[in-house]
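Peer 1: Each chain is listed here by its residues.
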Amino acid sequence: SQTIHQWPATLVQPVGSPLSLECTVEGTSNPNLYWYRQAAGRGLQLLFYSVGIGQISSEVPQNLSASRPQDRQFILSSKKLLLSDSGFYLCAFGGQETQYFGPGTRLLVL
Amino acid sequence: RKEVEQDPGPFNVPEGATVAFNCTYSNSASQSFFWYRQDCRKEPKLLMSVYSSGNEDGRFTAQLNRASQYISLLIRDSKLSDSATYLCVVIRQGGYNKLIFGAGTRLAVHP
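Going line by line, the protein sequences match chains A and B. At position 91 of the first sequence the residue is numbered 91 (the working numbering), and the sequence of numbers has no breaks. At position 75 of the second sequence the residue is numbered 185 (the working numbering), and the sequence of numbers has no breaks.
Next comes chain A alone, as it looks inside the complex (with noise of 0.2 Å):
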């Protein structure tokens, strides 16, 4: 079966801080891959999205980045967190229709 992972589950990094989130999927092949961000009382928001390793494309200009090293992992990073970056980051994987969310990381950024 389709599995996915997230870590860490939660973080508390200080503003100015790299950050660097996992996101790993197993039971599927060439996955297309997705970074949402889930701020308190609003909807997801696309940031991310990879049809395949090292395609990623960017849906909203910030200062996330996002890598694809292999087939199956997807990264999320940041090079110097800002506080507005605090939120609940999700790793979804799935067609361009139905999509399945991994556990998330909660982030807060002081």
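Derived from the structure by calculation, the hints contain no laboratory data. Treat each hint with caution, since some may be false.
As the list claims (entries may be wrong) - Chain A residues, not near chain B, derived (Cβ > 10 Å throughout):
id	residue
1	22
2	24
3	26
4	27
5	29
6	47
7	53
8	54
9	71
10	78
11	80
12	86
13	108
Claimed, not checked - Capping the alpha-carbon separation at 30 Å, the derived lysine-lysine pairs in DSS-like fashion look like this:
id	chain 1	residue 1	chain 2	residue 2
14	A	79	B	208
15	B	152	B	112
16	B	155	B	189
17	A	80	B	152
18	B	189	B	152
19	B	208	B	155
20	B	152	B	208
21	B	152	A	79
22	B	112	B	208
23	A	80	B	208
24	B	155	B	112
What the hints assert, rightly or not - Just some of the chain B residues that point at chain A, by a computed CB distance under 8 Å:
id	residue
25	114
26	142
27	153
28	154
29	156
30	201
31	208
32	209
33	211
34	212
35	213
36	214
Quick reminder that beta carbons are idealized off the backbone N, C-alpha and C, glycines included.
Please arrange chain B on chain A, whose structure you already have, making use of the hints.
Peer 2: Same frame as chain A, but now just chain B:
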């Protein structure tokens, strides 16, 4: 104006009640529609797709009104376990079909 709008709630209902949520979307080119469920501090999970003819899954009924650009979800005989946030999702057609999520409607079912 948000592309997908939902009443944030919360809807507080007793067990056994029938409750309905509406969602409106602004992009008339949207082709596919879904309801996702998100439990507190958890990831969203697909609840059901929404078809033009309307569709039912047990106690849940979803309907689409293209002319008015709204989608509804009806929950009959509410259970305590139905307490969650319900997210309306539409697909924006384009070179890449993008899922657009509403902010969600919170439902609290009480004994």
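Peer 1: Please go over all the hints and tell whether each is borne out by the structure.
Peer 2: Comparing the hints with the structure gives:
1. No Cβ of chain B comes within 10 Å of the Cβ of residue 22 of chain A; the nearest lies about 16 Å off, and the non-interface call holds.
2. Annotated as non-interface, residue 24 of chain A keeps its C-beta farther than 10 Å from every C-beta of chain B; the closest such distance is 15 Å.
3. Every CB of chain B is more than 10 Å from the CB of residue 26 of chain A (nearest about 16 Å), matching its label as outside the interface.
4. Taking the minimum C-beta to C-beta distance to chain B, about 17 Å, the non-interface status of residue 27 of chain A holds against the 10 Å cut.
5. Every Cβ of chain B is farther than 10 Å from the Cβ of residue 29 of chain A; the closest lies at roughly 20 Å, confirming the non-interface assignment.
6. Residue 47 of chain A, annotated as away from the interface, keeps every beta carbon of chain B farther than 10 Å; the closest lies near 12 Å.
7. Consistency note on residue 53 of chain A: stated as away from chain B, and its beta-carbon is indeed over 10 Å from all of that chain's, at 18 Å minimum.
8. Every CB of chain B lies more than 10 Å from the CB of residue 54 of chain A, the least distance being 17 Å, so the non-interface label holds.
9. Against chain B, the non-interface label of residue 71 of chain A holds: every CB pair exceeds 10 Å, the least being about 19 Å.
10. Non-interface call for residue 78 of chain A relative to chain B: holds, since the shortest CB-CB distance, roughly 21 Å, exceeds 10 Å.
11. Residue 80 of chain A, annotated as away from the interface, keeps every beta carbon of chain B farther than 10 Å; the closest lies near 27 Å.
12. The claim that residue 86 of chain A lies off the interface holds: its Cβ sits roughly 15 Å from the closest Cβ of chain B, which is beyond the 10 Å cut-off.
13. No beta-carbon of chain B comes within 10 Å of the beta-carbon of residue 108 of chain A; the shortest separation is about 13 Å.
14. At most 30 Å may separate the alpha-carbon atoms for a hinted pair to count; residue 79 of chain A and residue 208 of chain B meet this at roughly 27 Å.
15. Between the alpha carbons of residue 152 of chain B and residue 112 of chain B the distance comes to roughly 24 Å, so the proposed pair stays at or under 30 Å and holds.
16. A threshold of 30 Å between alpha carbons decides the hint, and for residue 155 of chain B with residue 189 of chain B the separation of about 18 Å falls inside it, so the pair holds.
17. Proximity of residue 80 of chain A to residue 152 of chain B is assessed by CA-CA distance (about 27 Å); at most 30 Å being required, the pair is judged to hold.
18. Distance restraint check for residue 189 of chain B and residue 152 of chain B: the Cα-Cα separation of roughly 19 Å lies within the 30 Å cut-off, and the hinted pair is therefore satisfied.
19. The straight-line distance between the Cα atoms of residue 208 of chain B and residue 155 of chain B is roughly 17 Å, inside the 30 Å bound, and the hint therefore holds.
20. For the proposed pair residue 152 of chain B and residue 208 of chain B, the alpha carbon gap of about 22 Å is at most 30 Å, so the pair holds.
21. Distance hint between residue 152 of chain B and residue 79 of chain A is fulfilled; the C-alpha atoms sit about 27 Å from each other, no more than 30 Å.
22. At roughly 15 Å between alpha-carbon atoms, residue 112 of chain B and residue 208 of chain B fall within 30 Å of each other, so this suggested pair holds.
23. Restraint check for residue 80 of chain A and residue 208 of chain B: satisfied, since their Cα atoms lie roughly 28 Å apart, inside the 30 Å limit.
24. For the hint pairing residue 155 of chain B with residue 112 of chain B, the CA-to-CA distance comes to about 22 Å; that is within 30 Å, so the pair holds.
25. Against a cut-off of 8 Å between C-beta atoms, the interface hint on residue 114 of chain B holds, since the closest Cβ of chain A lies about 7 Å away.
26. Interface restraint check for residue 142 of chain B: the shortest CB-CB distance to chain A comes to about 6 Å, inside 8 Å, so the restraint holds.
27. Here the hint on residue 153 of chain B is kept, as its CB sits about 4 Å from the closest CB of chain A, short of 8 Å.
28. For residue 154 of chain B, the suggested interface contact is upheld, since its CB lies about 6 Å from the closest CB of chain A, less than 8 Å.
29. Look at residue 156 of chain B: its Cβ gets to within about 5 Å of chain A, closer than 8 Å, so that hint holds up.
30. Interface restraint check for residue 201 of chain B: the shortest CB-CB distance to chain A comes to about 6 Å, inside 8 Å, so the restraint holds.
31. Look at residue 208 of chain B: its Cβ gets to within about 6 Å of chain A, closer than 8 Å, so that hint holds up.
32. Contact between residue 209 of chain B and chain A, as hinted, is supported at the beta carbon level, the nearest pair being about 7 Å apart and thus within 8 Å.
33. Proximity of residue 211 of chain B to chain A holds as hinted, the smallest CB-CB distance being about 4 Å (cut-off 8 Å).
34. Because the closest C-beta pair between residue 212 of chain B and chain A is about 5 Å apart, less than 8 Å, the hint holds.
35. The criterion of a C-beta within 8 Å of any C-beta in chain A is met by residue 213 of chain B, whose closest approach is roughly 4 Å, and the hint holds.
36. Of the supplied interface hints, the one on residue 214 of chain B holds, with its beta-carbon coming within about 7 Å of a beta-carbon of chain A, less than 8 Å.
Hint compliance for this structure: no hint is broken.
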